[in-house]
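Sequences are here, hints too, so could you generate the full structure?
So the protein sequences, as listed, match chains X and R.
Residues in the first sequence are numbered from 256 upward in steps of one, following my numbering.
Residues in the second sequence are numbered from -8 upward in steps of one, following my numbering.
No lab work stands behind these hints, which were simulated from the structure alone.
Glycine included, every Cβ here is placed at the ideal spot set by N, Cα and C.
All clues given are correct.
With a cut-off of at most 30 Å between alpha-carbon atoms, the simulated DSS-like pairs for lysine-lysine come out as follows:
(1) X:K598 with R:K39
(2) R:K(-6) with X:K306
(3) R:K39 with X:K356
(4) X:K317 with R:K30
(5) R:K96 with X:K306
(6) R:K145 with X:K584
(7) X:K302 with R:K74
(8) X:K584 with R:K30
(9) X:K573 with R:K113
(10) R:K25 with X:K302
(11) R:K39 with X:K437
(12) X:K576 with R:K96
(13) R:K30 with X:K275
(14) R:K74 with X:K262
(15) R:K106 with X:K573
(16) R:K106 with X:K598
(17) X:K359 with X:K396
To give an idea of the interface, some chain X residues facing chain R are shown, with a C-beta separation under 10 Å as derived from the structure:
(18) I259
(19) Q298
(20) T300
(21) S314
(22) L315
(23) T320
(24) D321
(25) A580
(26) S582
(27) A583
(28) I590
(29) F597
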Amino acid sequence: MNNIIGKNIQYYRESVKFKKTELAKLIPCDVSLITRYEKGERQPTLKILLKIAEIFGISLEKLVTDSKNNFQLAARGAGKESKEEAQEIVFLKQIAEDYLKLLKNISIDTKYKGLRYINYDVGQLKNIKQNLELPDLIDYKILKTALRINWNIQIIEIPLKVRKVSGITFNLENHFIVFINKGHTEERKLFSLTHEVCHIVYHLKQNSYLISRLSSRHEIEKEANKFAEDFLIPMEKLAHEFRIEDLHKMKKDYITELAGKFNVSAECMFRDLYQKGIVQYHWKSYKPITDYNKNYSLKWDWTDLPYLYVIGVFYNWKLDKISLARSAKYLYSDIRTVSNLFKEFNDQMEKSPNE
Amino acid sequence: MSKILILDAVALINILERCESKNLMDYFKEIDIKFHVVKEVMNEFNEKPKEIGKTRLHEGIDINVIEIIDFDQENIDISVLNKLNGLDNGEFVSALYHMEKREYKLVSDDNTAHKILLENFKISCLWTTNLLQLLIDNKRICVNEAKAIYHEMKQNGFWGIKQPVFESRE
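Here's what the structure looks like:
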């Protein structure tokens, strides 16, 4: 018996770290039935298939399509994932894959065009900045635009359910999609995006992802933090801003002021000054400023998706590659809203056909 | 009695919500047309817009006119499922239901659904505007009324086939 569906159920169940008993409880059905589905000994009914798709947060199409397309992603370097993280990764991977598929359907090239190095050396930073056409001092918006335009990196900013996760980057067949936690502050987002740049340039292999958590002690996470500090707080600029006679001023307010000049958090500034030997006491003794709101809202909608993604959905629909109902799913919205949105796009196109 | 399966929520919204001055369902009842929708399409229909938008013109579904089907299928033919890629769950289940029963005329206001069903299964679907033509054919409305209804539906956000041509059969 053809067992595409069974293999897909097993693939998604294992991806979200569900035991068979947990899946059976949610459907609900007998656990032995899950085993039989996965082994291909029995075919799930349509109702059960729809329920499973709903539980995994995927379309029915994903469950019935040949799983050769579901390449197993490898997580690297960030320690053991929790079940919540695994579930978030499956969800984000779906968005990433949809994004690439939508753009591929309308012939937009999303292959990575940036630099790759093997080992981090501070001397490479200048080259990276030049390649990205970045000034010495940058902010989040500038970096985001430069990465998208010059390196073809797709960046999606949505609130992540696992609040301590600051960013997740996927390398899908040499296409890079970065998710940044919208719930974090502008400074944290800038730091996180720079941190992810390090993973892209030095760490991420094909068909793998990296999950970056606040306060991770893993070696590559430490390297990515070092990279982000060196990238955002260039030594020459720091030397220009900071004078030796200011040493006695190394109090919280002064460090916060200095941090503002580099668009980083005070905590990040302090750690950098400590590592450069400018302040002598350990940075952990400096009471860290909580630079992310633990109670941020998890709500988001299609307006949070990149414009290119939204336009990608519209053109896929316009070219009859997807239905309006499917477009609504891609945009995490409802048919009425998407129908009005597409009508607006269409009206705009008719008004200015040459644009 | 004719049985029509509304394939997607887009068509359902168009039929139920886009005409303010008349309840089209009353006309269909008069000519003994029975509409069916699968539960999944109804779920999509019931998803409300996030913003406070247009009010629902004809609140509630008249079960004397639209019957909701809870379709389940034990032995799904995977080769058929693969040919339905591009459709969403509601359209997906509707198409499977139609292939099982083969007793319906299908209505969809989605070009993709029309294209996939025609190319892969040689199934030709109707548009909502074809239903207006059906009302003309059954002398419930005249051509000018159909044009006025279509105009009103467009004003209310109707989204489907480009300018239809209504014809009097007399």
